[in-house]
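Asks: Based on the provided sequences and hints, a complete structural model is requested.
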Amino acid sequence: MPILRVHGMSHDFGGLRAVQDYRLEIETGQIRGLIGPNGAGKTTIFNLLTGIYTPTAGEILLDGRRINGLPAHRIASMGISRTFQNLLLWRHMTVLEHVKLAHYSKIRYGLFGAFFGTPGRNREEAEIEEKALRLLDRMGIRHLAEQVVLNLPYGAQRRVEMARALATEPRILLLDEPTAGMNPEELVQIMEIIRRVHGEFGLSILLIEHRMKVVMELCEIIQTLDFGAVIAEGTPEEIQNNPRVIDAYLGQERRG
Amino acid sequence: MVIFLQNLVNALQWGSFYALIALGYSMVYSILMLFNFAHGDIFMVGAYIGFGVSIGLLALSSSGALAMPNWLILALTILFSMFLTSFVGMIVERVGYRPLRNAPRASAAITGLMIGIILETGNLILLGARRVSFPSLVETTVYNVGGVFVTNKKIMIVLVSLLLTLALHLFVRRTKWGMAMRAMAFDFAVVPLMGVPVNTMIALTFAIGSALAAAAGILFGVAYPVLDPYMGILFGWKAFVAAILGGRGSILGATLAGFLLGFTEIFVAMIFPSTLRDLIAYSIILLILTFRPHGFFGEPYSARLRL
Numbered sequence: 016m017p018i019l020r021v022h023g024m025s026h027d028f029g030g031l032r033a034v035q036d037y038r039l040e041i042e043t044g045q046i047r048g049l050i051g052p053n054g055a056g057k058t059t060i061f062n063l064l065t066g067i068y069t070p071t072a073g074e075i076l077l078d079g080r081r082i083n084g085l086p087a088h089r090i091a092s093m094g095i096s097r098t099f100q101n102l103l104l105w106r107h108m109t110v111l112e113h114v115k116l117a118h119y120s121k122i123r124y125g126l127f128g129a130f131f132g133t134p135g136r137n138r139e140e141a142e143i144e145e146k147a148l149r150l151l152d153r154m155g156i157r158h159l160a161e162q163v164v165l166n167l168p169y170g171a172q173r174r175v176e177m178a179r180a181l182a183t184e185p186r187i188l189l190l191d192e193p194t195a196g197m198n199p200e201e202l203v204q205i206m207e208i209i210r211r212v213h214g215e216f217g218l219s220i221l222l223i224e225h226r227m228k229v230v231m232e233l234c235e236i237i238q239t240l241d242f243g244a245v246i247a248e249g250t251p252e253e254i255q256n257n258p259r260v261i262d263a264y265l266g267q268e269r270r271g
Numbered sequence: 531m532v533i534f535l536q537n538l539v540n541a542l543q544w545g546s547f548y549a550l551i552a553l554g555y556s557m558v559y560s561i562l563m564l565f566n567f568a569h570g571d572i573f574m575v576g577a578y579i580g581f582g583v584s585i586g587l588l589a590l591s592s593s594g595a596l597a598m599p600n601w602l603i604l605a606l607t608i609l610f611s612m613f614l615t616s617f618v619g620m621i622v623e624r625v626g627y628r629p630l631r632n633a634p635r636a637s638a639a640i641t642g643l644m645i646g647i648i649l650e651t652g653n654l655i656l657l658g659a660r661r662v663s664f665p666s667l668v669e670t671t672v673y674n675v676g677g678v679f680v681t682n683k684k685i686m687i688v689l690v691s692l693l694l695t696l697a698l699h700l701f702v703r704r705t706k707w708g709m710a711m712r713a714m715a716f717d718f719a720v721v722p723l724m725g726v727p728v729n730t731m732i733a734l735t736f737a738i739g740s741a742l743a744a745a746a747g748i749l750f751g752v753a754y755p756v757l758d759p760y761m762g763i764l765f766g767w768k769a770f771v772a773a774i775l776g777g778r779g780s781i782l783g784a785t786l787a788g789f790l791l792g793f794t795e796i797f798v799a800m801i802f803p804s805t806l807r808d809l810i811a812y813s814i815i816l817l818i819l820t821f822r823p824h825g826f827f828g829e830p831y832s833a834r835l836r837l
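In order, the protein sequences belong to chains A and B.
Residues 16 to 271, numbered by this note's numbering, are exactly what the first sequence covers, in order.
Residues 531 to 837, numbered by this note's numbering, are exactly what the second sequence covers, in order.
Not one of these hints is a red herring.
Away from chain A, derived, C-beta distances all over 10 Å, residues of chain B:
#1 Asn540
#2 Gly582
#3 Gly586
#4 Trp601
#5 Ser637
#6 Ala639
#7 Leu657
#8 Glu669
#9 Met800
#10 Phe802
#11 Arg807
#12 Asp808
#13 Ser813
#14 Leu819
Computed from the model, here is a short list of chain B residues facing chain A with C-beta under 7 Å:
#15 Thr705
#16 Met709
#17 Pro727
In silico contact screen, one side only, chain A against chain B (beta carbon under 8 Å); selected entries:
#18 Thr65
#19 Pro86
#20 Ala87
#21 His88
#22 Ser92
#23 Ser96
#24 Trp105
#25 Arg106
#26 Ala129
No lab work stands behind these hints, which were simulated from the structure alone.
Positions of the beta carbon are idealized from the N, C-alpha and C atoms, including for glycine.
Replies: Below is the structure:
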């Protein structure tokens, strides 16, 4: 059974149909790509899957359980996590704090524990810190743990965002243009990280990406979106040779 | 020198009230970018709740059912009233602000003013137009330290307010809720995606701010035992000034600015006729703000992230 199943999902902004009859099935451990020209509705789909928007029509099933209409924090704690195209970090908080806060829904101690520093609270905080540091280690940014995010170079900020997304212990990770603005060296590193987290965490990944090299190398199956509707779906090979895709997107890439 | 020190002691007490109230303004402002103009009146409500609780506890104690020393009554009054007033804050948020979360900021601002008026007049109707006097729970003891008079009340007021501020600081730095609050000062977009229930956090913010205002109200009642339904207005405004002067969301800033306001007022009154106190004191504050428009610890830009 696919871990995430979406069918008939549509979304309107005012009179504009941003997403049209979208369907998706992600198997556990699969890496899928989502490509298409700007404004095709890719990020809107991420916003729908994570509960930022509620779809106008259709159904989103996580493990067979309907999740559309649930508040975003519930969906997050059920195992869907994401990163953002334009790096939404809390600029004046430290790297470690980013990752610790992402554990929020897993923390059990209550307000009483928080105010009076009970042993349970202290033990749990220590555990979380330990976990967070391990995660930072895996992402190669442990040495930056106490740094304020504002001061970090762009590539490191990308890693912080990825670490934060992973700290929610997701089963599905949505990556919105993880290589945007990266230089070739950083690009190779981030691809390595995506491969590694995919392997180590056994994650399913849905990836929005404009760089064809990245999509074609990482993804098993790619969907192409145009004007909010899926116009093609297949392996990298099939997508590259699909005339509709070339017409709507790839050709345009080459021209641009 | 003695006069200076004496005024310093007075200023510390006076600033404590501003600092405690300012924290509530600052926290809400930090998270919602909203001025909760009802906050001064929550201070008033807190003082009245403290009045009610202490009367009740005194009656309970003197009836012999549960004899308690006065210091314990005062401690319990502060704790109970903080607890009860936190619900007033949460109700204000739920009824007044949440429905207007996405409304223009001006609408939310006048909501605060209206809630303030409702709280004031509601109190008038409930308790009548007379002032009530806060029961004297602590015998005043005066210590003469080299010519400077310090009372046990003043020491207690300053200590309690500093303790509460420290507790808030630790809460914001060291707990998951505090961390979530600080993150919410930057955005509402990502925070829920980390599994944080945003509405719960906002309610909690109002609860904590209101509890601190209640503590300020009771401490005020201990120092100046006359309560009236309009006591929160001017106090609220001044604490609001302190919150802005301290910088958005800064606990240290709000506390320092609260004390600074206290100092300025007291020392202006030391030099000039007291009728000129606020005129001169707030002209000075205005001048400071001209040079530091974002307050002491504010950020010089709007930090809110957008999707």
